[in-house]
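All chains, full assembly: derive it from the sequences and hints.
So the sequences go chain by chain: A and H.
Residue 18 in numbering that gives the first Met the number 0 sits at position 19 of the first sequence; the count goes up by one each step and never skips.
Residue 7 in numbering that gives the first Met the number 0 sits at position 8 of the second sequence; the count goes up by one each step and never skips.
Just so you know, not all the hints are guaranteed correct.
Said to hold, decoys possible - Beyond 12 Å from chain H on every Cβ pair, some chain A residues (computed): (1) Trp33; (2) Ala34; (3) Arg62; (4) Gly73; (5) Asn75.
To be verified - Computed footprint of chain H on chain A, listed as stretches where at least three residues anywhere in the stretch have a Cβ under 8 Å from a Cβ of chain H: (6) 2-12; (7) 39-50; (8) 99-106.
Claimed, not checked - Quick list of the computed label-pair ranges, beta carbon to beta carbon: (9) Asp48/A <-> Pro2/H: 31 to 39 Å; (10) Val71/A <-> Gly46/H: 44 to 52 Å; (11) Gly46/H <-> Ala42/A: 43 to 51 Å; (12) Asp87/H <-> Asp48/A: 29 to 37 Å; (13) Arg59/H <-> Ser41/A: 50 to 58 Å; (14) Gly46/H <-> Ser10/A: 22 to 30 Å; (15) Ser41/A <-> Asn75/H: 22 to 30 Å.
Bear in mind the hints are in silico, worked out from the structure with no lab data behind them.
Using N, Cα and C, we set each Cβ at its ideal position, and we do this for glycine too.
2 protein chains.
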Amino acid sequence: MRPLPEPARESLALAPVLHALGDPVRLELVRRAWARPGSTCSALADGLDVPLSTLSNHWRILREAGLISMAVDGRNRRVRPRAGDLGDRFPGLLEPILRLGAAETQDDGPS
Amino acid sequence: MRPLPEPARESLALAPVLHALGDPVRLELVRRAWARPGSTCSALADGLDVPLSTLSNHWRILREAGLISMAVDGRNRRVRPRAGDLGDRFPGLLEPILRLGAAETQDDGPS
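Here it is in structure tokens:
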């Protein structure tokens, strides 16, 4: 697997991380990536009604903000949450966001 | 004082809140607004090297995301954090962000 470039842990900054999470599709991708580490991009995006080019842009923003690692695996790209780096750099940040994101997704679900 | 329009508490959504916080200037404005409720926009922006039109846009984004209330008070605009609404809607979200934002600001300070 060939890893794609990503920022070093010590250069992660809070505002880009929040910006990356500040979009409903990216927030959902992050929730899925955390729930299923090592999945492919396409598996994680399953069922989202978003054009491929937009998705690819979302993944890039998440990678450049330091939320995920991405590696080329043959014809696939595999995604790993940078949970350790983010927990070290921003302790206590992600847990409430993932929890609240999950709650909101359920609110939006079929009624 | 004449209040400016803002979203109702029950219509606050997580992604716009994170988006609003996902900019270093807006994050700093929010930190200041939380520390000094009822201050004027100009007092809160003191010392930030940002054009007035950009600041005005930042305040609008914060207001429309539901982070702050704003009211016209003569020639000033006064800012109040919507701490209660945000705490009700997104419990546990803001504390780590404000804490980590403060820590990062100190890192960036004069060395």
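Checked hints:
{"no.": "1", "hint": "Trp33", "verdict": "15 Å, holds"}
{"no.": "2", "hint": "Ala34", "verdict": "17 Å, holds"}
{"no.": "3", "hint": "Arg62", "verdict": "16 Å, holds"}
{"no.": "4", "hint": "Gly73", "verdict": "33 Å, holds"}
{"no.": "5", "hint": "Asn75", "verdict": "27 Å, holds"}
{"no.": "6", "hint": "2-12", "verdict": "violated (count 1)"}
{"no.": "7", "hint": "39-50", "verdict": "violated (count 0)"}
{"no.": "8", "hint": "99-106", "verdict": "holds (count 3)"}
{"no.": "9", "hint": "Asp48/A <-> Pro2/H: 31 to 39 Å", "verdict": "37 Å, holds"}
{"no.": "10", "hint": "Val71/A <-> Gly46/H: 44 to 52 Å", "verdict": "45 Å, holds"}
{"no.": "11", "hint": "Gly46/H <-> Ala42/A: 43 to 51 Å", "verdict": "48 Å, holds"}
{"no.": "12", "hint": "Asp87/H <-> Asp48/A: 29 to 37 Å", "verdict": "31 Å, holds"}
{"no.": "13", "hint": "Arg59/H <-> Ser41/A: 50 to 58 Å", "verdict": "37 Å, violated"}
{"no.": "14", "hint": "Gly46/H <-> Ser10/A: 22 to 30 Å", "verdict": "25 Å, holds"}
{"no.": "15", "hint": "Ser41/A <-> Asn75/H: 22 to 30 Å", "verdict": "52 Å, violated"}
In summary, the numbered hints that this structure violates are 6, 7, 13, 15.
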